Structures are given as C-alpha cells and as structure tokens.
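Let chain F serve as the given structure and place chain W on it in line with the hints.
Sequences listed follow chains F and W, in order. 233 is the number that the numbering used here gives to position 233 of the first sequence; each next residue is one higher, with no gaps. Position in the second sequence (first residue = 1) + 268 = the numbering used here.
If you're looking for bench data, these hints aren't it; they were derived computationally from the structure. In this text, all values refer to a predicted model and were calculated from it rather than measured experimentally. Built from N, CA and C at the ideal position, the CB exists for glycine as well. Hints may contain errors.
[Said to hold, decoys possible] Restricting the straight-line Cα-Cα distance to at most 25 Å, the calculated cross-link-like pairs of lysine-lysine (DSS-like) are:
hint	chain 1	residue 1	chain 2	residue 2
1	F	Lys92	F	Lys48
2	W	Lys316	F	Lys48
3	F	Lys48	F	Lys101
4	W	Lys316	W	Lys331
5	W	Lys331	F	Lys63
6	F	Lys48	F	Lys63
[Said to hold, decoys possible] Which chain W residues stay away from chain F? Per the calculated CB distances, all over 12 Å, these:
hint	residue
7	Phe320
8	Leu336
9	Gln365
[Claimed, not checked] Sample of chain W residues at the chain F side, in silico, Cβ under 8 Å:
hint	residue
10	Ser454
11	Leu477
12	Val535
Protein chains: 2
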Amino acid sequence: MPTPAGRPVDPSSLLPAEARALFRSGLVTPTSGWSSGYAQANLIIVPKAQAFDVLLFAQRNPKPCPVLGVLDAGETSGALLAGGDIRTDVPKYVVYQDGRKVDEPTDITDHWRDDLVTFIVGCSFTFESALQANGIHVAHIDQGVNVPMYQTSVRCEPAGEMAGPLVVSMRPIPASQVADAVRVTSRYPAVHGAPVHVGNPAELGIADLGRPDFGDPVRIPEGHVPVFWACGVTPQAAVMESRPALAIAHAPGHMLITDARDSAYQVP
Amino acid sequence: MPTPAGRPVDPSSLLPAEARALFRSGLVTPTSGWSSGYAQANLIIVPKAQAFDVLLFAQRNPKPCPVLGVLDAGETSGALLAGGDIRTDVPKYVVYQDGRKVDEPTDITDHWRDDLVTFIVGCSFTFESALQANGIHVAHIDQGVNVPMYQTSVRCEPAGEMAGPLVVSMRPIPASQVADAVRVTSRYPAVHGAPVHVGNPAELGIADLGRPDFGDPVRIPEGHVPVFWACGVTPQAAVMESRPALAIAHAPGHMLITDARDSAYQVP
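With the rest of the complex left out, here is chain F (with noise of 0.2 Å):
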C-alpha cells in the first residue's frame, strides 16, 4: 500500500499511531497484519445512559467482551490511542439506529454527542499471532480470507437491556495440535482466552461451516477439528437486538489498533 508520500511501505512495520494517521487521512482497508505486535481492537460506542448496561454485558460475559479500556463520555482518546482520536483512527465503522445498521462511514464526527461512551474490547488477532509463533497455521490467515463468524444458539448472560447471542470465530486445528492450541490461547484471557468449544458446530446450533454469519468461509482440511473461540462482535450483535437508540461499532475486520503490545495481555 502506498503511504501519503507515494512510497510503499509494509503495513505490518507501522507503528500504531503511524497506521491510525493513515487511516485519519482517508485510507480504507481491513487492519488484518497490520502493525505487527500491537493489539488490535473491537469498538463499541453507546450514550452514556446505556454504558452500564454495556460494561455490565461486559463483566458477565467476558469470554466475547474482555474490555481493555474505556474512554470518558464525550472522550475521543486515551492511552490506547494516545495522540489519536476515535472518531477518525478506526478504518470503516457501522453506525446502528434502534438496532438497524443506518451507515458504514469511514469518520463518525458527524454522529459525534458529548454522551457518547466507547468501549475498546479485545480481538483474538493477537492470540493468532501467539498461535503461528508456536507453530499452528491460522487457517484464514493462509487462505488470504477473514476469520469466519458465527451466531450461536447459546445466549449470553443478559444485563439490563442488553441481551443476545455469543457469536464465535472458527478456526480448524489439526487434531495432533488441539492441546497446543488450548494451551496457548489460554496464555490470553483478555483477548477471548481459551476456546468455548472444541468439535462439533451442530451443538452450538451452527448448521452449516460453509455459511458464516459473518466474514469469509475457509476450507476445513482432512484431520483437522472446528475449534471455537468467543468473538468481540457478540456486543454488536447484543446492540442489534437490545435496539438502543444510537450505537457505533467498528466495520468487521476493520479494528481499532492500539498503542498496547500483544505481550501486555499474556499470562501468567
């Protein structure tokens, strides 16, 4: 891709703020391999007067929500972010109306109000960086595609308004590695931590592998099992169906990247 002065460069050198000032300046494109070792982020943005209800969806199901930072009503940065700004940094957003997707703009200072609360959660892009350095393929990664998402027939744990399905990413493991993979995303509890479940789809009511909710489909080699973790658009799929009245979310795939390193988030 080309920087503003016409030079390629490789996205993956970026330095956090480097990235977001292209992404203020007009660049679109998903943030997949983007400045590599930084934390990459889901966003959720609701009026103040939602925030508890939100944060609390959050504390009680922090598998698909493990909040990494919060920013003030009406803040638009914050350490995460720091010099940048929330508005302009994040490549695509969906704008929600009453639970209806009413805009994909690409800068939200438009729909700005001083009420507004945003809500930084954790991407698994980070423990799939920690699964290729222990010797795992990312089956999405290697087919040039995005993660593939599903709804579930499992409900989350509901708090005040909000309420809806835990939304998971896939990921096919060869058989032999599905410890390592369990081990090592484990080392990971604020980016979705461990698997929620390891087998078969039908159980979580997913009839169809080949037919993700969102993202891409991948292809499932011979020898290698459907490994479920907990996905950070689950609070945007609770915002579609609790209805507030205004929400903003990043566009799937088009994270916020942070100034947080990857490591920060691993333990023990």
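Quick look at chain W alone, frame taken from chain F:
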C-alpha cells in the same frame, strides 16, 4: 464454634450455604479458614446512580478490584450465593454515608433500597490456599492474625466520581521463594493475581510496616522479603474519598463466602 444444634463443627468443612445460614442466624466471626476450597469475596454496594462509576473503576483497576459478579439493582441473591440473601449472609457489614462510617451492622435489611447494586469482588484468601499448597508459608495465618493492609501513595486510575489510593496487603516471603510466590499467584488474576511490588515499602509510601492501616501487623522473619499484593479494600478507600450518599461494604476479614470454587479462578 457451635452449630445451632450445639455440636462443635470444623468451619473449614462447611459448605458455603451452611456457613451463610449460620451468619444469617446471627453468628459474627472473621471468615478466614471457613469453607475450604470455596472463594470468599469482598462486597461493595452502591445506589444505581453510582454503579457505572464503581464498575468502571473496577475495570480500570482490575488488580485491586477483580469483579466476580454483579447483582442487578435491588437483587439480593444470585449464582454466587444460591438461595442466599446478600443483606444477611455476611457476618458483619460497614455502612458509609457521605464517605463516613456510620454503622457496623450484622444485617443490612434496614438499610436496603431497591436501587442498590451489589458488587462481589475477589479476595486473596483464594491464592493463599494455593501458596500454602505450594509449600509457601503465609505468615499472618501462621501467626493467627489478620493480614496487614496499607494505604499506599499510589493513586488508582479514577473513574467518574470514584478516586482513591491503591490499598495493598503484605506477606513476608523467604527470598528463595519470592519467584514461586509470583508464579503461583499470577495464575489467579481474578483474585488480585501477581504482586504489585516486591521489597522496599518506602517506595509505596509505607513508612512503618508495623503499623498497618487495616488488619494486624505481622512479624517479618529473618531473610524474608515483604511482598505486596493489590487488596480488595481499595474500593472501600475510594468510597471513603469520593463520598457517595450511601455505600455498604463487608467488615474487613468478614467476607461473603461464595459457591464458586477457588479452582474456578485459576488460569491457565
């Protein structure tokens, strides 16, 4: 201690529901050593109007304020205390009005309001069992006193009206076992996790280890290093400083005994 029927029982062998029933019927005692294997918890109860600030304070300060559960406004029971009643099932409470302690009742039914939200916050008793199981002596248990707790000069990340100092607990650990103590407790992020400080108390603004702000002093054996963990009294200190009209907490050492097993909070 006697049961209602008069026969002596070992408090460590009581199920949580049995222990809560004894407290409900009027028994007042510190809970250290009770219901072995089950998680004990700190309590902070505030009106709904303050609940977002308290939950956000906890989110921003997860080491001192690891939230295990939140009851809805007016709710008096929940999965962590099945069949129980949060107004009666803790041996002793502290009631704050405008940040000042006004009562230390054994039952808060008279103070209850339908807008009160209960936060159940993890407690280091959980990792103390793990320390002992790993061959690390816990001095205050060996010496038969309460753990010493200190207000530090470290400020918590504020949230709305909630602001205050980090409160820490201190355990002297043999120099050769400090690394083990870090390793063991870091596996319990939901109950304060790894230490926040090892060694020199002056750097935390603690002038005299012999004069704790809460709990009892402990003797520090030769060759032991003072090791400091974030403490669940921290939200009470913030309540004292931020002065909501009403707040209710457990009395130090008189915890809520939950139905959750200690092992549920171990990672990975």
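Structure-based check of all given hints:
no., hint, result
1, F:Lys92 / F:Lys48, "holds (23 Å)"
2, W:Lys316 / F:Lys48, "holds (14 Å)"
3, F:Lys48 / F:Lys101, "holds (20 Å)"
4, W:Lys316 / W:Lys331, "holds (23 Å)"
5, W:Lys331 / F:Lys63, "holds (18 Å)"
6, F:Lys48 / F:Lys63, "holds (23 Å)"
7, Phe320, "violated (4 Å)"
8, Leu336, "violated (9 Å)"
9, Gln365, "holds (23 Å)"
10, Ser454, "holds (4 Å)"
11, Leu477, "violated (27 Å)"
12, Val535, "holds (6 Å)"
Violation of the numbered hints given earlier is confined to hints 7, 8 and 11; the remaining hints are satisfied by the structure.
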